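**Student:** FYI, in my numbering the residues of the sequence shown are 2 to 177.
Among the hints, erroneous ones may be present.
To be verified - Derived SDA-like pairs (lysine to any residue); straight-line CA-CA distance at most 25 angstroms:
#1 K157 - P119
#2 K126 - L160
#3 K23 - F158
These aren't lab readings, by the way, just hints derived from the structure by calculation.
Note that the coordinates shown come from a computational prediction; the quantities given were computed from them, not determined experimentally.
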Amino acid sequence: MTEGLFIVAITSPDNIYNESQKISNILEEREADIVHIRKPEWTIEETDCLIRSIPERLHPKLKLHDHFELIERYELAGVHLNSRNPLPHPKAKSVSISCHSIEQLEEYEHYDYITLSPIFDSISKTGYHSAFDLEKIKSHLNGRKVVALGGVTPSKFHLLRQTGFFGAAMLGHFWK
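Modelling step: build the complete structure from the supplied sequences, incorporating the hints.
**Tutor:** Given below as structure tokens:
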């Protein structure tokens with residue numbers, strides 16, 4: 002199903018009923034290799050509570066978008082840099098980053114992987130349309146670890162693999 006792609010599940014920014022169980026299921030059923038906890042409006046206490054409610058054996062498959070200091074409390078995968086949190090925590094095992102243009106993509110070299118968006122029209126954000134031509138992206142990927150984000154569903158995995166993406170990140174697919 003994954004066609005050899007690295008699969009990232011990104012949490013909804015909204016409160017989701019039974020979210021910790023859903024995250025656990027996504028990881029245990031191998032629907033994703035890693036889950037990014039992206040809750041920009043949440044407090045550190047709320048984020049901490051979510052992590053604690055996920056089985057400890059799955060913590061190494063969780064990556065934070067906010068409250069990086071939680072890296073010191075748990076054995077997490079790492080952190081994902083973004084406009085709210087542009088600097089990594091010194092104890093992060095893995096650091097990834099968001100980008101939204103080919104120019105940014107060319108600037109970012111020293112990360113475990115880079116998410117590039119929006120590749121397709123977004124499922125979760127109304128009016129957030131594709132900004133890229135897959136044929137034009139090919140020459141910029143060159144075997145780099147770039148993860149496609151934005152409107153990604155399993156039905157598009159073959160297109161991402163053909164284009165040369167390392168992985169696929171999905172938010173709307175898991176939570177809509």
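**Student:** Holds or violated: K157 with P119, Cα cutoff 25 angstroms?
**Tutor:** With a Cα-Cα distance of about 14 angstroms, the restraint between K157 and P119 holds, given a limit of 25 angstroms.
**Student:** Is the Cα-Cα distance between K23 and F158 25 angstroms or less?
**Tutor:** Cα-Cα ~22 angstroms, so holds.
**Student:** Would the pair K126 and L160 pass a check requiring their Cα atoms to be no farther apart than 25 angstroms?
**Tutor:** Holds, at about 21 angstroms.
Checked against the numbered hints above, the structure breaks none of them.
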